[in-house]
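Residues per chain, in single letters:
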Amino acid sequence: MINPVAEPVSLMHYLVVGAILFVCGVVCMTAKRNAIGVLMGIELVLNGANLNFVAFGSPYLQSGGAPSLGLDGHLMALFVIVLAAAEAAMALAIALSFYNAHATVDVDQANELKR
Amino acid sequence: MGIVFHTVLFYLLAILACGFAVAVVLSNNIVRMAFYLVACLGAVAGLFFLAGADFVGALQLMIYVGGTLVLLIFGVMLTARGPLANIQTSRAQWAMVGLIGASLLAVLLYAATTAGKWTHSGQIVADRSHVSKPTATPIGLALLGVRADRLNAERTDAALGKGMAGYLLPFEIVSVHLVVVLIGAAYLARARRRATTPPMAATSGDSNNLDPGD
Numbered sequence: 012m013i014n015p016v017a018e019p020v021s022l023m024h025y026l027v028v029g030a031i032l033f034v035c036g037v038v039c040m041t042a043k044r045n046a047i048g049v050l051m052g053i054e055l056v057l058n059g060a061n062l063n064f065v066a067f068g069s070p071y072l073q074s075g076g077a078p079s080l081g082l083d084g085h086l087m088a089l090f091v092i093v094l095a096a097a098e099a100a101m102a103l104a105i106a107l108s109f110y111n112a113h114a115t116v117d118v119d120q121a122n123e124l125k126r
Numbered sequence: 009m010g011i012v013f014h015t016v017l018f019y020l021l022a023i024l025a026c027g028f029a030v031a032v033v034l035s036n037n038i039v040r041m042a043f044y045l046v047a048c049l050g051a052v053a054g055l056f057f058l059a060g061a062d063f064v065g066a067l068q069l070m071i072y073v074g075g076t077l078v079l080l081i082f083g084v085m086l087t088a089r090g091p092l093a094n095i096q097t098s099r100a101q102w103a104m105v106g107l108i109g110a111s112l113l114a115v116l117l118y119a120a121t122t123a124g125k126w127t128h129s130g131q132i133v134a135d136r137s138h139v140s141k142p143t144a145t146p147i148g149l150a151l152l153g154v155r156a157d158r159l160n161a162e163r164t165d166a167a168l169g170k171g172m173a174g175y176l177l178p179f180e181i182v183s184v185h186l187v188v189v190l191i192g193a194a195y196l197a198r199a200r201r202r203a204t205t206p207p208m209a210a211t212s213g214d215s216n217n218l219d220p221g222d
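Sequences listed follow chains F and H, in order. This note's numbering puts the first residue of the first sequence at 12, with every later residue one more than the last. This note's numbering puts the first residue of the second sequence at 9, with every later residue one more than the last.
FYI, nobody ran anything at the bench for these hints, they're computed from the structure. Fair warning: there could be bad hints in the mix.
These stretches of chain F come out as covered by chain H in the derived footprint (C-beta under 8 angstroms, 3 or more residues) [stated by the list, open to error]:
| no. | region |
| --- | --- |
| 1 | 23–30 |
| 2 | 41–52 |
| 3 | 55–65 |
| 4 | 81–91 |
| 5 | 99–111 |
Just so you know, even glycine gets a beta-carbon here, dropped at the ideal spot from N, CA and C.
Sequences and hints are given; from them, build the entire structure.
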């Protein structure tokens, strides 16, 4: 039996955690009917992608000989964080505007264009 | 075989991050979802620190956990009242979503576990003995257009100019983008009267009460 804590962390570990965060975010985005819940799913998706960026740019992880992204991974992660902040501000403003007009945040109620 | 504490910390933070992410999905209460998201993103910041990205981890804590999630929690507080706090999803939707999520997870896990086979060299390039270097200074220089980290690589003078372009233009673009988005958000979310309140009766009653000369 292999002792899991006796081996150094490889790139694969980070990619698995990033995949789980990404899938949780996608499920949250599709399953939640609350607009704020959908926003939280988007945050999870962006964090999963960010974790992959940082893992690919890390010099400490065994990546199987693949060249590390280096500082580019960190910079991409920073841009993702800033854009996620902008996206959250915008989407929350839209959600609040929708709440002011319709007194609900249920995304299933936002179907006026269908009529 | 001893215990690598880096790995122990990684498993601890990974279990926290994944567990709270699953809790965000499974919870129906929007307030609890916000709390689970705070914990999940904090654990992800810890994973960033473990990967050597100290500046990104600090910014994750400051911008994400300190800024974006406070914004989200304000959104929760402004919109979660009474029955709106937990809107249920039907079982058929959960089944469809579970199918989509399971298939996506299978594809992503296959890609992640075969990541070592993307290249065939198979040698370990990471030198784990060196001490961690802070990354804030090279990140700041790269945002200003100077790649200080590329200067240390052994390159000829012709190849040195290649890939030396920093991130000055994306930095400016993203800053202007942020200003535009914040102005737009402030415009969109400005205070307006609710559509459900009767407009004329409420305002006339209020003005009559507030007017001292009436």
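- Query: Per the coverage rule (Cβ-Cβ under 8 angstroms, at least three residues), is the region 81–91 of chain F covered by chain H?
  - Reply: holds (count 8)
- Task: Please count how many residues of the region 23–30 of chain F have a CB within 8 angstroms of a CB from chain H and say whether that reaches 3.
- Result: holds (count 8)
- Message: Count the residues of the region 41–52 of chain F whose Cβ falls closer than 8 angstroms to any Cβ of chain H, and tell me whether that reaches three.
- Response: holds (count 11)
- Do three or more residues of the region 55–65 of chain F come closer than 8 angstroms to chain H, measuring C-beta to C-beta? holds (count 5)
- Quick check: the region 99–111 of chain F, covered by chain H? Criterion 3+ residues, Cβ under 8 angstroms. n = 11 at 8 angstroms, threshold three: holds.
Violated hints for the displayed structure: none, as all numbered hints are satisfied.
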